[in-house]
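**Student:** Sequence:
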Amino acid sequence: MKKNPDISIIVPIYNTGTYIRKCLDSLVSQQKKELEFLLINDGSTDNSEEIIKEYKDKRIKYYKNKNQGIGKTRNFAIEQATGKYIMFVDSDDYIAKDACEKMYDRCEKDDLDVGVCDFYRDFSNGIIIEEKLEDFENTNLKDNPHLLNIINLSPWNKIYKRDLLVNNKIQFIENLKYEDAPFVIEALFKASKIGKINESLNYYSIRNNSETTVRDKKCFDILKVIDMIRNKLKKEEILKRELNILTVRILTNYTIQQRVQKDKQIAIDFINESFQYLKKEVPDYKKNKYYPNRPFLKRTVEKNKTLTILYCKLYWLFKN
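Residues in the sequence shown are numbered from 0 upward in steps of one, following numbering that gives the first Met the number 0.
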(Lines of atoms letter the chains of each structure in order from A; the text may use other names.)
(Lines give C-alpha, C1' and ligand atoms only; values in the text may rest on other atoms or scores of the structure.)
Protein backbone atom coordinates (compact mmCIF):
# COMPACT_ATOMS: atom_id res chain seq x y z
CA MET A 0 0.00 0.00 0.00
CA LYS A 1 1.41 3.36 -1.04
CA LYS A 2 2.22 5.65 1.88
CA ASN A 3 0.87 9.18 1.79
CA PRO A 4 3.50 11.95 1.67
CA ASP A 5 4.48 13.73 4.86
CA ILE A 6 3.95 17.19 3.33
CA SER A 7 1.88 18.50 0.44
CA ILE A 8 3.39 21.70 -0.95
CA ILE A 9 0.86 23.88 -2.77
CA VAL A 10 2.13 26.21 -5.49
CA PRO A 11 -0.43 28.44 -7.28
CA ILE A 12 0.96 29.60 -10.62
CA TYR A 13 -0.06 32.56 -12.72
CA ASN A 14 2.32 34.06 -15.30
CA THR A 15 5.50 33.62 -13.27
CA GLY A 16 7.61 32.03 -15.98
CA THR A 17 10.44 34.43 -15.22
CA TYR A 18 10.82 33.14 -11.66
CA ILE A 19 9.27 29.69 -11.46
CA ARG A 20 12.45 27.69 -12.15
CA LYS A 21 14.05 29.00 -8.97
CA CYS A 22 10.92 28.04 -7.06
CA LEU A 23 10.68 24.52 -8.50
CA ASP A 24 14.42 23.89 -8.14
CA SER A 25 14.13 24.68 -4.44
CA LEU A 26 11.29 22.18 -4.09
CA VAL A 27 12.62 19.17 -5.96
CA SER A 28 16.02 19.53 -4.24
CA GLN A 29 14.59 19.38 -0.71
CA GLN A 30 16.56 17.18 1.67
CA LYS A 31 13.30 15.64 2.80
CA LYS A 32 11.95 13.32 0.12
CA GLU A 33 8.50 12.26 1.38
CA LEU A 34 6.75 15.17 -0.35
CA GLU A 35 4.21 15.93 -3.04
CA PHE A 36 4.14 19.13 -5.07
CA LEU A 37 0.72 20.37 -6.14
CA LEU A 38 1.35 22.80 -9.00
CA ILE A 39 -1.84 24.59 -9.98
CA ASN A 40 -1.66 26.59 -13.21
CA ASP A 41 -4.33 29.26 -12.78
CA GLY A 42 -4.77 30.06 -16.47
CA SER A 43 -1.27 31.37 -17.18
CA THR A 44 -0.75 32.93 -20.60
CA ASP A 45 3.05 33.00 -20.51
CA ASN A 46 5.57 30.12 -20.70
CA SER A 47 4.93 28.84 -17.17
CA GLU A 48 3.44 25.55 -18.38
CA GLU A 49 6.39 24.85 -20.69
CA ILE A 50 8.79 25.27 -17.79
CA ILE A 51 6.72 23.11 -15.43
CA LYS A 52 6.71 20.26 -17.96
CA GLU A 53 10.52 20.27 -18.01
CA TYR A 54 10.44 18.78 -14.49
CA LYS A 55 10.07 15.00 -14.47
CA ASP A 56 9.92 14.54 -10.69
CA LYS A 57 7.24 11.90 -9.96
CA ARG A 58 6.18 13.80 -6.84
CA ILE A 59 4.79 16.61 -8.98
CA LYS A 60 1.02 16.70 -9.50
CA TYR A 61 0.20 19.25 -12.16
CA TYR A 62 -3.25 20.78 -12.66
CA LYS A 63 -4.24 23.26 -15.33
CA ASN A 64 -7.35 25.30 -14.60
CA LYS A 65 -8.95 28.36 -16.09
CA ASN A 66 -8.10 31.60 -14.30
CA GLN A 67 -10.04 31.67 -11.03
CA GLY A 68 -7.84 33.69 -8.68
CA ILE A 69 -5.40 32.63 -6.00
CA GLY A 70 -8.00 31.99 -3.29
CA LYS A 71 -9.97 29.47 -5.31
CA THR A 72 -6.75 27.95 -6.65
CA ARG A 73 -5.39 27.30 -3.16
CA ASN A 74 -8.73 25.89 -1.99
CA PHE A 75 -8.75 23.49 -4.94
CA ALA A 76 -5.23 22.36 -4.05
CA ILE A 77 -6.12 21.76 -0.40
CA GLU A 78 -8.82 19.35 -1.60
CA GLN A 79 -6.24 17.43 -3.66
CA ALA A 80 -3.59 17.30 -0.93
CA THR A 81 -2.86 13.93 0.69
CA GLY A 82 0.03 14.84 3.01
CA LYS A 83 -0.13 14.90 6.79
CA TYR A 84 0.93 18.54 6.60
CA ILE A 85 0.42 21.32 4.08
CA MET A 86 2.77 24.13 3.10
CA PHE A 87 2.22 26.98 0.64
CA VAL A 88 4.93 28.37 -1.60
CA ASP A 89 4.23 31.18 -4.06
CA SER A 90 5.60 30.48 -7.53
CA ASP A 91 7.97 33.47 -7.48
CA ASP A 92 9.30 32.54 -4.02
CA TYR A 93 11.63 29.73 -2.96
CA ILE A 94 12.63 27.87 0.20
CA ALA A 95 15.83 26.66 1.82
CA LYS A 96 16.85 23.09 0.94
CA ASP A 97 16.25 21.91 4.51
CA ALA A 98 13.00 23.85 5.03
CA CYS A 99 10.62 20.88 4.77
CA GLU A 100 12.80 18.65 6.92
CA LYS A 101 13.10 21.18 9.74
CA MET A 102 9.46 22.25 9.64
CA TYR A 103 8.21 18.66 9.60
CA ASP A 104 10.56 17.41 12.32
CA ARG A 105 9.55 20.22 14.66
CA CYS A 106 5.84 19.60 14.09
CA GLU A 107 6.25 15.90 14.77
CA LYS A 108 8.43 16.43 17.84
CA ASP A 109 6.03 18.91 19.51
CA ASP A 110 2.74 17.81 17.91
CA LEU A 111 2.16 21.25 16.40
CA ASP A 112 -0.96 22.18 14.47
CA VAL A 113 0.84 25.18 12.95
CA GLY A 114 4.55 25.85 12.69
CA VAL A 115 5.99 29.26 11.80
CA CYS A 116 9.51 30.14 10.70
CA ASP A 117 11.47 33.32 10.05
CA PHE A 118 12.04 34.37 6.45
CA TYR A 119 14.00 36.54 4.03
CA ARG A 120 12.73 39.37 1.86
CA ASP A 121 14.38 38.98 -1.56
CA PHE A 122 14.24 42.26 -3.47
CA SER A 123 14.49 42.52 -7.26
CA ASN A 124 17.66 44.64 -6.92
CA GLY A 125 19.49 41.69 -5.36
CA ILE A 126 19.24 42.80 -1.73
CA ILE A 127 18.10 40.12 0.73
CA ILE A 128 16.94 41.14 4.20
CA GLU A 129 16.25 38.67 7.00
CA GLU A 130 12.97 39.06 8.88
CA LYS A 131 13.08 37.63 12.40
CA LEU A 132 9.69 37.24 14.02
CA GLU A 133 9.41 37.65 17.76
CA ASP A 134 10.22 34.37 19.50
CA PHE A 135 7.55 32.46 21.41
CA GLU A 136 7.24 29.10 23.12
CA ASN A 137 4.71 26.50 21.99
CA THR A 138 1.33 28.06 22.67
CA ASN A 139 -2.03 28.96 21.13
CA LEU A 140 -3.93 32.13 20.38
CA LYS A 141 -6.08 32.06 23.50
CA ASP A 142 -3.09 31.57 25.81
CA ASN A 143 -1.00 34.12 23.92
CA PRO A 144 -3.22 36.67 22.07
CA HIS A 145 -0.07 38.62 21.17
CA LEU A 146 0.48 36.08 18.37
CA LEU A 147 -2.06 38.09 16.35
CA ASN A 148 0.51 40.84 15.97
CA ILE A 149 3.81 38.97 15.86
CA ILE A 150 3.00 36.31 13.25
CA ASN A 151 2.83 37.62 9.69
CA LEU A 152 -0.53 36.98 8.02
CA SER A 153 0.77 35.29 4.86
CA PRO A 154 0.26 31.54 4.31
CA TRP A 155 3.89 30.91 3.33
CA ASN A 156 6.65 30.47 5.99
CA LYS A 157 4.21 28.18 7.79
CA ILE A 158 3.29 24.52 7.95
CA TYR A 159 -0.24 23.39 8.80
CA LYS A 160 -1.56 20.05 9.94
CA ARG A 161 -3.87 19.02 7.11
CA ASP A 162 -6.54 17.77 9.50
CA LEU A 163 -6.67 21.21 11.12
CA LEU A 164 -7.60 22.80 7.78
CA VAL A 165 -9.92 20.08 6.51
CA ASN A 166 -11.78 19.27 9.74
CA ASN A 167 -12.42 22.94 10.46
CA LYS A 168 -13.18 23.76 6.82
CA ILE A 169 -10.59 26.53 6.83
CA GLN A 170 -10.44 28.01 3.34
CA PHE A 171 -9.21 31.08 1.54
CA ILE A 172 -11.64 33.83 0.64
CA GLU A 173 -12.45 33.74 -3.06
CA ASN A 174 -12.77 36.78 -5.32
CA LEU A 175 -11.23 39.21 -2.83
CA LYS A 176 -7.75 40.62 -2.59
CA TYR A 177 -5.81 40.09 0.67
CA GLU A 178 -7.37 36.65 1.03
CA ASP A 179 -4.40 35.44 3.07
CA ALA A 180 -5.10 37.12 6.40
CA PRO A 181 -8.47 35.50 7.30
CA PHE A 182 -7.10 32.07 6.38
CA VAL A 183 -4.02 32.41 8.56
CA ILE A 184 -5.92 33.93 11.47
CA GLU A 185 -8.56 31.20 11.42
CA ALA A 186 -5.85 28.53 11.35
CA LEU A 187 -4.15 30.19 14.33
CA PHE A 188 -7.49 30.52 16.13
CA LYS A 189 -8.37 26.83 15.67
CA ALA A 190 -4.88 25.52 16.44
CA SER A 191 -4.32 23.89 19.82
CA LYS A 192 -0.56 24.26 19.58
CA ILE A 193 1.49 26.74 17.56
CA GLY A 194 5.27 26.68 17.53
CA LYS A 195 8.11 28.74 16.09
CA ILE A 196 11.05 27.33 14.17
CA ASN A 197 13.78 29.87 14.85
CA GLU A 198 15.40 29.77 11.44
CA SER A 199 14.83 31.68 8.21
CA LEU A 200 13.69 29.03 5.74
CA ASN A 201 11.48 30.95 3.29
CA TYR A 202 12.53 33.50 0.66
CA TYR A 203 9.75 35.97 -0.10
CA SER A 204 10.38 37.68 -3.43
CA ILE A 205 9.43 41.34 -3.78
CA ARG A 206 9.24 42.37 -7.42
CA ASN A 207 9.46 45.99 -8.61
CA ASN A 208 7.97 47.47 -5.45
CA SER A 209 6.40 45.84 -2.41
CA GLU A 210 3.75 48.55 -2.37
CA THR A 211 2.23 47.58 -5.70
CA THR A 212 -0.48 45.65 -3.84
CA VAL A 213 -2.33 48.89 -3.12
CA ARG A 214 -2.10 50.51 -6.53
CA ASP A 215 -5.65 49.87 -7.68
CA LYS A 216 -9.25 50.12 -6.49
CA LYS A 217 -9.02 46.68 -4.90
CA CYS A 218 -7.40 48.38 -1.93
CA PHE A 219 -10.96 48.66 -0.54
CA ASP A 220 -10.99 44.86 -0.16
CA ILE A 221 -8.79 45.21 2.92
CA LEU A 222 -11.71 46.85 4.73
CA LYS A 223 -13.91 43.84 3.96
CA VAL A 224 -11.16 41.48 5.07
CA ILE A 225 -10.62 43.29 8.37
CA ASP A 226 -14.37 43.21 8.96
CA MET A 227 -14.39 39.43 8.41
CA ILE A 228 -11.55 39.01 10.90
CA ARG A 229 -13.23 41.22 13.49
CA ASN A 230 -16.56 39.43 13.12
CA LYS A 231 -14.78 36.11 13.60
CA LEU A 232 -12.87 37.14 16.73
CA LYS A 233 -14.70 40.03 18.39
CA LYS A 234 -16.68 37.73 20.70
CA GLU A 235 -13.39 36.53 22.18
CA GLU A 236 -12.87 39.09 24.94
CA ILE A 237 -9.31 37.89 25.57
CA LEU A 238 -8.38 38.82 21.99
CA LYS A 239 -10.01 42.27 21.97
CA ARG A 240 -6.90 44.31 22.76
CA GLU A 241 -4.73 42.55 20.16
CA LEU A 242 -7.56 42.60 17.61
CA ASN A 243 -7.79 46.38 17.93
CA ILE A 244 -4.01 46.70 17.59
CA LEU A 245 -4.17 44.52 14.47
CA THR A 246 -6.96 46.65 12.99
CA VAL A 247 -5.08 49.91 13.61
CA ARG A 248 -1.79 48.46 12.38
CA ILE A 249 -3.18 47.18 9.09
CA LEU A 250 -5.23 50.27 8.25
CA THR A 251 -2.40 52.62 9.24
CA ASN A 252 -0.08 50.82 6.84
CA TYR A 253 -2.58 50.83 4.00
CA THR A 254 -3.61 54.48 4.38
CA ILE A 255 0.03 55.63 4.31
CA GLN A 256 0.75 53.40 1.31
CA GLN A 257 -1.93 55.21 -0.69
CA ARG A 258 0.87 57.54 -1.73
CA VAL A 259 1.65 55.00 -4.48
CA GLN A 260 -1.97 54.61 -5.56
CA LYS A 261 -2.48 54.96 -9.32
CA ASP A 262 -5.69 56.91 -8.94
CA LYS A 263 -5.38 59.85 -6.53
CA GLN A 264 -9.12 60.07 -5.94
CA ILE A 265 -9.26 56.40 -5.01
CA ALA A 266 -6.43 57.07 -2.55
CA ILE A 267 -8.28 59.91 -0.86
CA ASP A 268 -11.56 57.97 -0.79
CA PHE A 269 -9.78 54.99 0.77
CA ILE A 270 -8.15 57.15 3.46
CA ASN A 271 -11.52 58.73 4.31
CA GLU A 272 -13.26 55.38 4.50
CA SER A 273 -10.46 53.82 6.57
CA PHE A 274 -10.57 56.55 9.21
CA GLN A 275 -14.36 56.30 9.27
CA TYR A 276 -14.01 52.56 9.89
CA LEU A 277 -11.52 53.15 12.70
CA LYS A 278 -13.81 55.65 14.39
CA LYS A 279 -16.64 53.14 14.26
CA GLU A 280 -14.79 49.98 15.29
CA VAL A 281 -11.97 51.34 17.48
CA PRO A 282 -13.29 54.70 18.76
CA ASP A 283 -10.19 55.35 20.89
CA TYR A 284 -7.80 54.36 18.09
CA LYS A 285 -5.56 57.40 18.67
CA LYS A 286 -4.63 55.88 22.04
CA ASN A 287 -3.97 52.45 20.53
CA LYS A 288 -0.89 50.56 21.73
CA TYR A 289 0.37 50.32 18.14
CA TYR A 290 1.40 53.96 17.98
CA PRO A 291 3.86 54.41 20.90
CA ASN A 292 6.46 52.27 19.09
CA ARG A 293 6.26 54.48 16.00
CA PRO A 294 8.60 57.48 15.54
CA PHE A 295 6.97 60.72 16.71
CA LEU A 296 6.56 62.31 13.28
CA LYS A 297 5.18 59.14 11.71
CA ARG A 298 2.62 58.49 14.40
CA THR A 299 1.55 62.14 14.34
CA VAL A 300 0.72 61.80 10.64
CA GLU A 301 -0.70 58.30 10.89
CA LYS A 302 -3.23 59.19 13.60
CA ASN A 303 -4.68 62.08 11.63
CA LYS A 304 -6.76 61.76 8.46
CA THR A 305 -6.03 65.31 7.25
CA LEU A 306 -2.28 64.87 7.75
CA THR A 307 -2.33 61.49 6.01
CA ILE A 308 -4.02 63.02 2.95
CA LEU A 309 -1.60 65.97 3.05
CA TYR A 310 1.34 63.56 3.24
CA CYS A 311 0.11 61.73 0.12
CA LYS A 312 -0.45 65.00 -1.76
CA LEU A 313 3.06 66.19 -0.91
CA TYR A 314 4.44 62.84 -2.06
CA TRP A 315 2.61 63.18 -5.39
CA LEU A 316 3.78 66.78 -5.78
CA PHE A 317 7.48 66.08 -5.17
CA LYS A 318 7.42 62.81 -7.11
CA ASN A 319 6.14 64.67 -10.17
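Think of the hints as simulated: they come from the structure by calculation, not from any bench. The reader is advised that the hints may include incorrect statements.
[Claimed, not checked] Below, simulated BS3-like cross-link-like pairs (lysine-lysine); rule was C-alpha separation at most 25 Å, straight line:
#, residue 1, residue 2
1, Lys57, Lys101
2, Lys168, Lys223
3, Lys31, Lys108
4, Lys304, Lys261
5, Lys21, Lys108
6, Lys302, Lys217
7, Lys286, Lys261
8, Lys108, Lys216
9, Lys217, Lys263
**Student:** Now look at each hint and say whether the structure bears it out.
**Tutor:** Hints, one by one, checked against the model:
1. A hinted pair counts as satisfied when its Cα atoms are at most 25 Å apart, and Lys57 with Lys101 qualifies at roughly 23 Å.
2. A threshold of 25 Å between alpha carbons decides the hint, and for Lys168 with Lys223 the separation of about 20 Å falls inside it, so the pair holds.
3. With a CA separation close to 16 Å, the supplied pair Lys31 and Lys108 stays within the 25 Å bound.
4. At roughly 20 Å between alpha-carbon atoms, Lys304 and Lys261 fall within 25 Å of each other, so this suggested pair holds.
5. For the hint linking Lys21 to Lys108, the alpha-carbon distance of about 30 Å lies beyond 25 Å, and the restraint is violated.
6. In summary, the hint linking Lys302 to Lys217 is supported, as the alpha carbons are separated by about 23 Å, within the 25 Å threshold.
7. Annotation: proposed proximity of Lys286 to Lys261 is violated, straight-line Cα distance about 31 Å (limit 25 Å).
8. Our distance criterion of 25 Å between C-alpha atoms is broken by Lys108 and Lys216, whose separation comes to about 45 Å.
9. For the hint linking Lys217 to Lys263, the alpha-carbon distance of about 14 Å falls within 25 Å, and the restraint holds.
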